[in-house]
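Colleague: Protein chains in written order, with the numbering used here: chain G, 2 to 338; chain E, 2 to 338; chain Z, 2 to 338; chain H, 2 to 338.
FYI, nobody ran anything at the bench for these hints, they're computed from the structure.
Each hint should be verified, as a subset may be incorrect.
When chains are identical, the list treats them as one kind, so a pair holds in a single copy or across two.
Restricting the straight-line Cα-Cα distance to at most 25 angstroms, the calculated cross-link-like pairs of lysine to aspartate or glutamate (DMTMM-like) are [claimed, not checked]:
| no. | residue 1 | residue 2 |
| --- | --- | --- |
| 1 | K7 | E228 |
| 2 | K227 | D171 |
| 3 | K7 | D305 |
| 4 | K7 | E33 |
| 5 | K260 | D9 |
| 6 | K260 | E116 |
| 7 | K260 | E153 |
4 protein chains.
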Amino acid sequence: MIIVMKRDATPDDVTGVVERLRSIGCEAHVSEGQIQTVIGAIGDRDVISRLPWEAMPGVERAVPVVRPFKFVSRDFQPTDTVVDVGGVQVGGERFVVVAGPCAVESRDQLFRTAEAVVEAGARILRGDAFKPRTSPYSFQGLGEQGLQLLAEVRDKLGIPFVAEVLDPRDVGLVSSYADMLRVGTRNMANFTLLQEVGRQPKPVQLKRGFTATIEEWLNAAEYIYKEGNHQIVLVERGIRTFETAARNTLDITAVPVLKRLSHLPVMVDPSHSGGRRDLVLPLARAGVAAGADGIMVDVHPAPDTALVDGAQALLPDDFAELMDQVARLAAAMNRPL
Amino acid sequence: MIIVMKRDATPDDVTGVVERLRSIGCEAHVSEGQIQTVIGAIGDRDVISRLPWEAMPGVERAVPVVRPFKFVSRDFQPTDTVVDVGGVQVGGERFVVVAGPCAVESRDQLFRTAEAVVEAGARILRGDAFKPRTSPYSFQGLGEQGLQLLAEVRDKLGIPFVAEVLDPRDVGLVSSYADMLRVGTRNMANFTLLQEVGRQPKPVQLKRGFTATIEEWLNAAEYIYKEGNHQIVLVERGIRTFETAARNTLDITAVPVLKRLSHLPVMVDPSHSGGRRDLVLPLARAGVAAGADGIMVDVHPAPDTALVDGAQALLPDDFAELMDQVARLAAAMNRPL
Amino acid sequence: MIIVMKRDATPDDVTGVVERLRSIGCEAHVSEGQIQTVIGAIGDRDVISRLPWEAMPGVERAVPVVRPFKFVSRDFQPTDTVVDVGGVQVGGERFVVVAGPCAVESRDQLFRTAEAVVEAGARILRGDAFKPRTSPYSFQGLGEQGLQLLAEVRDKLGIPFVAEVLDPRDVGLVSSYADMLRVGTRNMANFTLLQEVGRQPKPVQLKRGFTATIEEWLNAAEYIYKEGNHQIVLVERGIRTFETAARNTLDITAVPVLKRLSHLPVMVDPSHSGGRRDLVLPLARAGVAAGADGIMVDVHPAPDTALVDGAQALLPDDFAELMDQVARLAAAMNRPL
Amino acid sequence: MIIVMKRDATPDDVTGVVERLRSIGCEAHVSEGQIQTVIGAIGDRDVISRLPWEAMPGVERAVPVVRPFKFVSRDFQPTDTVVDVGGVQVGGERFVVVAGPCAVESRDQLFRTAEAVVEAGARILRGDAFKPRTSPYSFQGLGEQGLQLLAEVRDKLGIPFVAEVLDPRDVGLVSSYADMLRVGTRNMANFTLLQEVGRQPKPVQLKRGFTATIEEWLNAAEYIYKEGNHQIVLVERGIRTFETAARNTLDITAVPVLKRLSHLPVMVDPSHSGGRRDLVLPLARAGVAAGADGIMVDVHPAPDTALVDGAQALLPDDFAELMDQVARLAAAMNRPL
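Given only the sequences and the hints, what does the whole structure look like? Please build it.
Modeller: Given below as structure tokens:
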């Protein structure tokens, strides 16, 4: 922590900070500049970061030097984490495509979609039984019945599935069916939910809050990791900006930034980011080229009847075309599909 | 709903939309412009808004005309809601100041703060027993012990209190102690929590998600209202923008916008918005002048030892000065304190 | 400048930075933390800030300690600047209201508006002859004829006026007519224009770029000041955020932040910020209460025929009501109108 | 234009809007919904969009149906524009790499860089003689001397060059030397500059304002096009968001959005977007995969001595590696380099 003093800080203010640091067992390096004094705080970062330095007399601001997350950082673990999702490796050599309907609506809809995406080469199925909706008047998902249908598909087609969980009280239920749990964008900072998914054995897909910084996102992953669950996949899905041409702005820069900061696998969701069918293919390709470990794509056999997010769902044929192009780019990146 | 067709939409595309509308019992008004055709959809808004119009062939975009929330809108109830918090009216003639420590840390800290804010004229006490923290390594609150201390203060000093709830499983516990529950900024879109606080009898303070639009915020209030709890107070607490000079950007415009859209009382939180002690007073005054029904202010007897957010807490003397200035401005707005 | 080294920086990397600092006549204070080394650079800030520290081997980031602007900072001049606009003091004891039409459209429109705002107590007239428009197909202003009409009004009614200048080649022209020049929000970072207005004798109203940070804004003011013109008034007019309920988000926090950082007077523009007539009055009041030195308000005798921004213009009667309320709040702030 | 009336609009309000539309030669289609009335305005869009509908009694808001730009839209010209830059085709079959130093600093620096980028396969040279700097105390460029050096390099190495112009008074000067002029991000909404570059014969590279929407950007291109210059290349260079992990957030979604809306070529600038050397390569690859027609990359022979933006400049060897990877991905996209 670097503590920048105000221009008019008194020698007593400086002494106050220095003594406070010593009182917690830390060292203080005082640099008197031409204009302002700066104090470097050296010692246990957790002890230092817990104190309200900016509330002390004469302090202008405190600048953290060390990032607040530990276990999910590449400093802690230099090698890439590989997450096993029902036998599929995410973060390994192969590029992984997750696909399926946004929400499970019926057996027929789910089976038709699942068969098509398996045929085209997807290796993990998506399909939600619980949906967080901005309006209380929108379709909220089929609940446990949806999970049963997903398990049935898995058993028939041999493809593992990921499903969202919204409520800490439902974690056990979803975990008993799914191969991977998802924490959605609106729950990235729902710390009680993060702790619950950290205490169950299935891997977790952690979507970025659409208004969360990368550092906040890695802190959220740290909540899960700290509870004992180290099988975490990060999913970039677009952030809220001033631009309204698409639903959100895919933060493609987040991919290389995360790869440097963390050892966790990174996926890109081109469907929820753009919110529009014609954007899915170019954004999926950009995800491959930026260095992601996989993508997650919404597919629906009849998007114009979808109960959730039909405007962004690909038809099975469009998805097959996407798989072709993704395969070509992944090959150019030396990653087989 | 207005459905704007693409320039190259075919007559069949237009017919498709019209027939889809009729099939759900709605009318279609077709306007053929010089460049594009526009279809007005007339009928039950919930039925119309549920279909994925933008996924239909030839559709460029669908523009909602009617807002998605109902019960919390001023169209539904033209008169102001007045919320009763342990005998204190919020949203009535008098301007209400809520004050207290960000987090309950100890009996001594809580009593010293509470006595000071009551003395200066605050009418509701704040103090949290559960804190949502970005980092899992930060202080997370005293839990039930904190609630017991708050109840003890209420009984001694005769001031009702508001406390945050984070987990749907804790709603009953917090509700059994507090006079008002708070849903914090990180949980504004935690729909399972919203439903739980909607099902208990105490009033609810709903903070704006720091990245939520006003419409999303009112949708969140609708979740609570729909469960039967109509005692909701909205709290503007700053939004995330590109500006980093203060922690967040207080969206003062939200106050008059909410007053027009909704009948619910509106408060401003100048402490969490600015995140800095020197900003609390001017932002509090701006809240009064913009037409808010109250403000909520962090106070701490020794901010430089605070476990949470010390940099923004006012000392008791600063708070007394704030009350003087707020009283003068409230009087100029014809609202006694 | 504080230079934070990477965790894996070598001793040679540290030596490289230290020697580079010494080579430019500066001192280096090296603090070896448990995890990372930090180097404090002490010496002439302009010399230090010019070098690309982040491009040097082993450097993670460089954190500036001292702000980049000098003359406009309160450190340079602790007392408030008072700007004289044709005899009206801005930044002194009295609160100043600037009012008038967004654009000059005709003699009749201008005179009717000017008479109304003078009658209601405005002390500076606004009215633009050159308008920057997003679309090339919109009305672009009357040009010099507009300036002649403004000068005629000033002579008849005895009220000074401010007018926008867009093009460095027009600075002399506008300066020859107007009592104050305005640099608009889209030109805040038009450095050639800033330099030109800095070289002419009339005071300058510098609007905040709607996407500029406060620091960038003060840097823009520094461009003007550095050329010799010290008569600068800053105008907060809303920033671009994700919220779309109003045209922009008035950054009311900027008022106290600027008052602490700079000695220049600060105004608030509630008209262009909200973009809607019903928001002007509450935002104007918030500006007074936050501590601004004045406000600037659009008024039009027939907004539904206005060629520019009619939706936000107040009718003369609404403006008179605004003046009443502003006067009451300014009195509560101990500032006469 | 669709005019949405307020819920409490009177029949007279509706009649007022209808008559106003007829008075300007347009038709009005009135749809009375269950809750609100909506009026479709049919006729000349420029005539309609010029009136302040939202200022009329009873009007809630006016929703434009047709976009405000014409000539740069794909509706106006369905085929791709190909821009000729001193013999290099931008927007044609081949993917184009522009590279060179951010600013021209000296003959030696420029020649060393230019030789390296030509050798690696770049086909257009970048290098600025006029630099817009946030602080007036930063290096502002070599001016005409820089242009002379660039012309000398072109003559020696046979590579055309692009250079930024900041001031409308310098357009003739830059145009007399350069093969393409650039309007930088801070000047995207400098309409007088846009008009000047629209009146000279060289092609124009128009960078996106880092806070401009795509629609505003295309309006800026329209300003140039309307003056007679149709040779415009759009350059996405990152936008300002809440995320601070990189300098800006590359809006990769803008590439496919622009390709659908406009016929103009699109480039991506991975250097200024990320602002960090380690991000240039992944962002360059993402630009190729998203469907851009080219990229523009900063290269410097000694970034740690660069006068401008050294932290993002690639060394010549890194650039050669980038060219290899870009070539592989461009081939997978069926675009030779």
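Colleague: With reference to the structure, classify each hint as holding or not holding.
Modeller: Status of each hint after checking the structure:
Within a single copy, K7 and E228 get their C-alpha atoms no closer than 40 angstroms, and across copies no closer than 29 angstroms, so neither meets the 25 angstroms cut-off. Taking CA atoms no more than 25 angstroms apart as the test, K227 paired with D171 passes in both settings, with 20 angstroms inside one copy and 22 angstroms between copies. Proximity of K7 and D305 under a CA criterion of 25 angstroms is satisfied inter-copy only: 16 angstroms between copies versus 60 angstroms inside one chain copy. Taking the shortest alpha-carbon separations for K7 and E33, both the intra-copy value of 12 angstroms and the inter-copy value of 24 angstroms come in at or below 25 angstroms.
In this assembly of identical chains, K260 and D9 lie within 25 angstroms of each other by CA distance solely across copies; the values are 16 angstroms between and 42 angstroms within a copy. With identical chains, the CA atoms of K260 and E116 are never at most 25 angstroms apart, being 33 angstroms at best within one copy and 33 angstroms at best between copies. In this assembly of identical chains, K260 and E153 lie within 25 angstroms of each other by CA distance neither inside one copy nor across copies; the values are 35 angstroms within and 42 angstroms between.
Hints 1, 6 and 7 from the list above are not met by this structure, while the remaining hints are.
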